[in-house]
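Each chain is listed here by its residues.
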Amino acid sequence: MMKHNKQAQAGLVVLVSLLLFSAGCGSAYDYRGGLLEPPIPLPDFELTSMTGQPFRLSDSQGDITLVAFGYTFCPDVCPMTLAQVKQALAGLEAAERERVQVIFISVDPDRDTPEVLTRYMAAFDPAFIGLTGQAAQLEAVMKPFGAVAEKEVVNDSAAGYLVSHTARLYLIDSQQQLLLQYGFDPAGSTVEDLQSDLTYLLK
Amino acid sequence: MNRVIGMIGLVVTLVILLAACGAAAPTPEAAAPSSGELMVMNPWARASAMEGGNSAIYLTLMNGTGNDDTLLSAASDVAEVIELHESKMDENQVMQMSPIPNVPVPAGGSATLEPGGKHIMLIGLKQPLVVGDKFKVTLTFEKGGPMEIEAEVREGAMMSGDMNHDGAGMEHRAE
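Protein chains in written order, with the working numbering: chain H, 12 to 214; chain B, 60 to 234.
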């Protein structure tokens, strides 16, 4: 009996040591998103906010800003990306969550007026910011992200036109640098990956 | 002291057992299409609070009949227009959506409509789609004819674990 307890205690010591060891490895954190090395400094773009007022990237109050490009007419990829972001943020402490600003940039200024964007963003989280701008403005903003958008007329649909666009999610650090990007992955690990990276970065 | 260790041991054992239990639990899998019927598994729609906005319906079609069939169209009161669409991602992560004429369901095979792929697109919602709501959809097949199903409204994001819902959800069979 005594022998068993000793073995159990020894086992416990090994387990605790392993836990401590892996915790100590925190400095060697591997980002789960795609790391941009070196991070890409972003120019301070200006677009139009949901109130119709100008909004600059430097106006973002977050220590971390998450940016996605899309449009409200898109029923599939865009809402899923925003829902994944919402779910990832829900897993953070409230104080951490407040340090993350989510920005959705519409690449469909014809449909996505400030009023439409307001209603759309409110469906996810009223704290999320929706921005849009004219085609030339948007193109300039998207360029450093390596993102593109293209309007395509579809004749055989009530949609009239659809907009193809880069479906990545981007993470910008407090130095206004593009640090990480996440590919669209409907059934995958985006939520866990984002949560893990945010938790690390907000420490 | 021994009692405390004993208790800890018990708790740890229980946790391990529970975890093992979870791992070993049979994953509900879609029934093999051997029923001789055309089946619609797990139909769901993305929640959308914006009236006049869009959403999409996803489902799995299983063709247990001996004949190839094709989903031609879908109809429902919840939206102004309903079309079949497909999202496709290129190697640069550019997502392109386009209308598709139909969804083939081969004999003895299946077709999956899922986020980031084929979907039934709801254009111009007449009412907000709230999580937990259910609404009727009529699917029309080339050979199977019309089939009424009920789609459940769910939150948009899926954790990988949610995939287990597949096949566990509602099931509709053609008469």
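One or more of the hints may lead you astray.
Claimed, not checked - Simulated crosslink set (DSS-like; lysine-lysine; CA at most 27 Å straight-line):
#1 185/B x 154/H
#2 195/B x 162/H
#3 214/H x 97/H
#4 147/B x 154/H
#5 154/H x 214/H
#6 97/H x 202/B
#7 162/H x 185/B
#8 195/B x 185/B
#9 193/B x 162/H
Quick caveat, the hints were computed from the structure, so don't treat them as lab data.
(message) I'd like to know which numbered hints this structure contradicts. Please list them from smallest to largest.
(response) When the structure is compared with the hints, numbers 1, 2, 5, 6, 9 turn out to be violated.
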